[in-house]
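Colleague: Note that the protein sequences, when read in sequence, are chains A and B.
Read in the UniProt record's numbering, the first sequence has 25 at position 25, and its numbers run on one by one without any break.
Read in the UniProt record's numbering, the second sequence has 112 at position 112, and its numbers run on one by one without any break.
Incorrect hints may have been included.
If chains are identical, the list can't say which one is meant, so a pair holds when it fits in one copy or spans any two.
[Claimed, not checked] Listed next, the in silico EDC-like pairs over lysine to aspartate or glutamate satisfying Cα-Cα at most 20 Å (straight line): (1) Lys458 - Glu410; (2) Lys150 - Glu122; (3) Lys150 - Asp322; (4) Lys254 - Glu56; (5) Lys462 - Glu401; (6) Lys303 - Glu441; (7) Lys430 - Glu410.
If you're looking for bench data, these hints aren't it; they were derived computationally from the structure.
Single-letter residue listing:
There are 2 protein chains.
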Amino acid sequence: MTERLYLYDTTLRDGQQTQGVQFSTPEKVAIAEALDGLGIDYIEGGWPGANPTDSEFFEARPETRATFAAFGMTKRAGRSAANDEVLAAVMNAGTPAVCLVGKTHDFHVTTALGITLEENLENIRASVAHMVASGREALFDAEHFFDGYKANAPYALDCALAAYRAGARWVVLCDTNGGTLPGEIHDITRAVIEAGIPGDHIGIHTHNDTGNAVAGSLAAVDAGARQVQGTLNGLGERCGNANLVSLIPTLLLKEPYRSAYDIGVDRAALTSLTRVSRQLDDILNRVPVKSAPYVGASAFAHKAGLHASAILKDPTTYEHIDPALVGNARIVPMSNQAGQSNLRQRLVEAGIEVDRADPRLGEILEEVKRREDQGYAYDGAQASFELVARRMLGLMPAFFEVKRYRVTVERRKNKYDRMVSLSEAVVVVKIGGAKTLSVSESMDEIGADRGPVNALAKALGKDLGPYQDCIDDMRLVDFKVRITQGGTEAVTRVIIDSEDGEGRQWSTVGVSPNIVDASFESLLDAINWKLVRDGVAPA
Amino acid sequence: MTERLYLYDTTLRDGQQTQGVQFSTPEKVAIAEALDGLGIDYIEGGWPGANPTDSEFFEARPETRATFAAFGMTKRAGRSAANDEVLAAVMNAGTPAVCLVGKTHDFHVTTALGITLEENLENIRASVAHMVASGREALFDAEHFFDGYKANAPYALDCALAAYRAGARWVVLCDTNGGTLPGEIHDITRAVIEAGIPGDHIGIHTHNDTGNAVAGSLAAVDAGARQVQGTLNGLGERCGNANLVSLIPTLLLKEPYRSAYDIGVDRAALTSLTRVSRQLDDILNRVPVKSAPYVGASAFAHKAGLHASAILKDPTTYEHIDPALVGNARIVPMSNQAGQSNLRQRLVEAGIEVDRADPRLGEILEEVKRREDQGYAYDGAQASFELVARRMLGLMPAFFEVKRYRVTVERRKNKYDRMVSLSEAVVVVKIGGAKTLSVSESMDEIGADRGPVNALAKALGKDLGPYQDCIDDMRLVDFKVRITQGGTEAVTRVIIDSEDGEGRQWSTVGVSPNIVDASFESLLDAINWKLVRDGVAPA
Numbered sequence: 001m002t003e004r005l006y007l008y009d010t011t012l013r014d015g016q017q018t019q020g021v022q023f024s025t026p027e028k029v030a031i032a033e034a035l036d037g038l039g040i041d042y043i044e045g046g047w048p049g050a051n052p053t054d055s056e057f058f059e060a061r062p063e064t065r066a067t068f069a070a071f072g073m074t075k076r077a078g079r080s081a082a083n084d085e086v087l088a089a090v091m092n093a094g095t096p097a098v099c100l101v102g103k104t105h106d107f108h109v110t111t112a113l114g115i116t117l118e119e120n121l122e123n124i125r126a127s128v129a130h131m132v133a134s135g136r137e138a139l140f141d142a143e144h145f146f147d148g149y150k151a152n153a154p155y156a157l158d159c160a161l162a163a164y165r166a167g168a169r170w171v172v173l174c175d176t177n178g179g180t181l182p183g184e185i186h187d188i189t190r191a192v193i194e195a196g197i198p199g200d201h202i203g204i205h206t207h208n209d210t211g212n213a214v215a216g217s218l219a220a221v222d223a224g225a226r227q228v229q230g231t232l233n234g235l236g237e238r239c240g241n242a243n244l245v246s247l248i249p250t251l252l253l254k255e256p257y258r259s260a261y262d263i264g265v266d267r268a269a270l271t272s273l274t275r276v277s278r279q280l281d282d283i284l285n286r287v288p289v290k291s292a293p294y295v296g297a298s299a300f301a302h303k304a305g306l307h308a309s310a311i312l313k314d315p316t317t318y319e320h321i322d323p324a325l326v327g328n329a330r331i332v333p334m335s336n337q338a339g340q341s342n343l344r345q346r347l348v349e350a351g352i353e354v355d356r357a358d359p360r361l362g363e364i365l366e367e368v369k370r371r372e373d374q375g376y377a378y379d380g381a382q383a384s385f386e387l388v389a390r391r392m393l394g395l396m397p398a399f400f401e402v403k404r405y406r407v408t409v410e411r412r413k414n415k416y417d418r419m420v421s422l423s424e425a426v427v428v429v430k431i432g433g434a435k436t437l438s439v440s441e442s443m444d445e446i447g448a449d450r451g452p453v454n455a456l457a458k459a460l461g462k463d464l465g466p467y468q469d470c471i472d473d474m475r476l477v478d479f480k481v482r483i484t485q486g487g488t489e490a491v492t493r494v495i496i497d498s499e500d501g502e503g504r505q506w507s508t509v510g511v512s513p514n515i516v517d518a519s520f521e522s523l524l525d526a527i528n529w530k531l532v533r534d535g536v537a538p539a
Numbered sequence: 001m002t003e004r005l006y007l008y009d010t011t012l013r014d015g016q017q018t019q020g021v022q023f024s025t026p027e028k029v030a031i032a033e034a035l036d037g038l039g040i041d042y043i044e045g046g047w048p049g050a051n052p053t054d055s056e057f058f059e060a061r062p063e064t065r066a067t068f069a070a071f072g073m074t075k076r077a078g079r080s081a082a083n084d085e086v087l088a089a090v091m092n093a094g095t096p097a098v099c100l101v102g103k104t105h106d107f108h109v110t111t112a113l114g115i116t117l118e119e120n121l122e123n124i125r126a127s128v129a130h131m132v133a134s135g136r137e138a139l140f141d142a143e144h145f146f147d148g149y150k151a152n153a154p155y156a157l158d159c160a161l162a163a164y165r166a167g168a169r170w171v172v173l174c175d176t177n178g179g180t181l182p183g184e185i186h187d188i189t190r191a192v193i194e195a196g197i198p199g200d201h202i203g204i205h206t207h208n209d210t211g212n213a214v215a216g217s218l219a220a221v222d223a224g225a226r227q228v229q230g231t232l233n234g235l236g237e238r239c240g241n242a243n244l245v246s247l248i249p250t251l252l253l254k255e256p257y258r259s260a261y262d263i264g265v266d267r268a269a270l271t272s273l274t275r276v277s278r279q280l281d282d283i284l285n286r287v288p289v290k291s292a293p294y295v296g297a298s299a300f301a302h303k304a305g306l307h308a309s310a311i312l313k314d315p316t317t318y319e320h321i322d323p324a325l326v327g328n329a330r331i332v333p334m335s336n337q338a339g340q341s342n343l344r345q346r347l348v349e350a351g352i353e354v355d356r357a358d359p360r361l362g363e364i365l366e367e368v369k370r371r372e373d374q375g376y377a378y379d380g381a382q383a384s385f386e387l388v389a390r391r392m393l394g395l396m397p398a399f400f401e402v403k404r405y406r407v408t409v410e411r412r413k414n415k416y417d418r419m420v421s422l423s424e425a426v427v428v429v430k431i432g433g434a435k436t437l438s439v440s441e442s443m444d445e446i447g448a449d450r451g452p453v454n455a456l457a458k459a460l461g462k463d464l465g466p467y468q469d470c471i472d473d474m475r476l477v478d479f480k481v482r483i484t485q486g487g488t489e490a491v492t493r494v495i496i497d498s499e500d501g502e503g504r505q506w507s508t509v510g511v512s513p514n515i516v517d518a519s520f521e522s523l524l525d526a527i528n529w530k531l532v533r534d535g536v537a538p539a
């Protein structure tokens, strides 16, 4: 027999408290639809009246299976619930559920609000009762509940009970400042149940200020709470809220939760989890966190040589779940820690079969190590790794040779007396017996992107004779630079991400004390990889 | 009465298993020194013999108060401990402590190693005994211990006991695959103690695959373990290891740990925690995670209007600890009063006094915000920030004007038929009424460092007429490049660290779509800052 455990998402409200995050209404709609697709039970859409976009969203909110909630605050002292304009704005959002935050820590009542403890209790009672009388499902967010309980347990419990007795469907215990550890959350949640609020009316709302938001949520469930509040990717004020993207697979896949609870998200929806997480990063224009539990690009990446060889025998040796369950994938990257089995796996992915006993495997490994000592990094540059291996295996055609190049960056005033920059590149290439000379320029006024590397890429891609058809749809999508140590010298490492018309992406690396040379090397690898992968015949 | 709780750092070994992370020897030395400064008890330096940089580091390792450990594997079956070359390499690293990983999960013994369960027990016994007989402090990393215990508890316990009875100072329970939840970690750690290994001989090693690595470590301590293994910033294979940067302040500042345990890190060292965390990000050229517990730039940022106004009355209203305890700082929105008092403080540090009522304070805040939107970052570039403020306050002399510059990078064969690169820069500067034209070149053969930015720096510093004396002792010590978002465009941000003859260091920032322009802007700021700080009179 499983019990129902509810998930409540506050990405659109508490998640928007993240520094630098401000959702537009269409973005909020897209996120709400993604949450609904996952099977989240409640979606908190914002605080109507607190800012214009929140109010706008409630008019535009999509049809969902999930229950929509509007957020607000308990009424102020000295006026009735019906005459409080903050409550009225929340009511006017027209959502089936309403979540009201209120004080439960005596210090905040007297210091921040400046009212009596009894006035605060009355505000909670009257506000919740008003919502219930208006036919809304009422939630009470018990602000600072754990700190309040530690300071004055009877008063904190009185506040929670006041909301419950006034008809609140859920009393949500909030660790607003994020400093409460899981053990305390467990014990205090237990105490609330013992004080008379049943566990299936208790929710938990944690923050990650000690790195324990997920564990704190689980601890409250262990103690009996039956609603968990959190956000996608752990967005939220300061260090963020409990990360639903971490909690959902744990609740669905791991004991004791798997057998004990039924959550709205099912196994089929779970396979969209990685996509939903990346979609939020896309909306925020953030680089996805590689190390994110379950959904990060590194979450199933096996770098250690011993791990990689065991993974090839049986993935369960070093994986706690099958990555496909959450829509993620395994990665066996190349690095100087990797053994030969790791190497063979990488070659197979590149379409290169090498016998297990081939001595050249050891040579390739040595070459990769030697180059990593010089500053190359092949973890994130699989295409360049493939080219190194192909060269050593005699599988790399000589498509063309760069005889020389020159790039100039000039900054001066233009005819309108404004400072502008012009980058000009000349590249001389020999293909078969023929020599071609190409020139290209790149302007850098405000809004017109690019510098010397772009000029070189354009010159190089301008006339590669018989290869032109193949490379015409190539595009440079990202360019990462870092200064690193190569032997005893500081060198520049440049990683370039390229893309072609079919949406295929590949990454290449170049290293040199000179940033332009390093970039050029990385560019050359990008073109050579495309030619070899497309099976182009050398001229 | 407090009990001793030990911290064991594996940033240099397990941390290096992070995708894309490869430390150089000087970087390892810098990290070891930072760990030692914090007061970490053990520093695991790497796996000698597994790759060249790890072996090199043990020869270069600094003198530390912390105990150094080399990592390795228990001996293979069919040979004696004395004749096992993997063990020999670990021994030869010459560290006072040695940590050997070994199997404890029956499935791995038979599947991955392909030996009998008894052979594995004997490998553990003999390897640990060999280390102890050689006078080393021995640690046994019990790989897959929790999964092993769940599959075959008696065998997993036998493995742990074999190591303990052979003289291991610590038996470290490893959740290698990272899938074990804190509750299970607690119960299984308890069972190990009941089986006969005292808690003060038990360590815990967790991974963050469910987002619970920190909580799992605390659960093991609650059960009686007295050593915690982790890494700085939670680096490590897949989703990373337990984050010591989160654990240290929790253990030092929060109950029940604060009163119960004594850890090597004290309150004074704790104030360097934010700096140490950022230093690691600098070495990795990573953007620090803003939402990181305790040390993130957003960890004490108060965006919600209600929170921000309460914080001004009393910071404890929405902060779980005082940010100064961990060397971090509070952030309140720029627009409010506290933003201006922060700004005034920063200007005072630069020797600029501005009246509290001066309306230009608000204008400077706006300008900084506008520039940060374009991609500038002033957190790490105090010198450039000062120049912005000085310009708006009318305190910035016009020392010189750059009329134009040109830099050329040419790559071609030299007379010995080797590819070489030559960078040449021309800079035209107007000082007072006089115009000077300077040219400089920079060669890039193997071992001879530098490219276009170096050539520009040399040309610019070659003839600045009356300022030459002041800038002659300037030196470019570091150069960091990052592609970032400036408005809607990708731009390049270049941060340059400069130093002068007195050992004074300062940092400047430049932003442009063109990497050469961004570098040049940063260079100009560096020179201007030096001139204004030295009180040089404009020509």
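Colleague: If a hint holds in the structure, say so; if it doesn't, say that too.
Modeller: Status of each hint after checking the structure:
For the identical chains of this complex, Lys458 and Glu410 are neighbours both inside a copy (17 Å) and across copies (16 Å), given an alpha-carbon limit of 20 Å. Taking identical chains as interchangeable, the C-alpha atoms of Lys150 and Glu122 are never at most 20 Å apart, the minima being 22 Å within one chain and 52 Å between chains. Only between protomers do Lys150 and Asp322 lie at most 20 Å apart by alpha-carbon distance; the minimum there is 19 Å, versus 42 Å within a single protomer. In this assembly of identical chains, Lys254 and Glu56 lie within 20 Å of each other by CA distance neither inside one copy nor across copies; the values are 40 Å within and 42 Å between.
In this homomeric assembly, Lys462 and Glu401 come within 20 Å of each other (Cα to Cα) only inside a single copy, at 15 Å, whereas the closest approach across copies is 37 Å. For the identical chains of this complex, Lys303 and Glu441 are neighbours neither inside a copy (41 Å) nor across copies (42 Å), given an alpha-carbon limit of 20 Å. In this assembly of identical chains, the alpha carbons of Lys430 and Glu410 lie at most 20 Å apart only when taken from different copies (17 Å versus 28 Å within one copy).
Hint check: violations occur at hints 2, 4 and 6; the rest are consistent with the structure.
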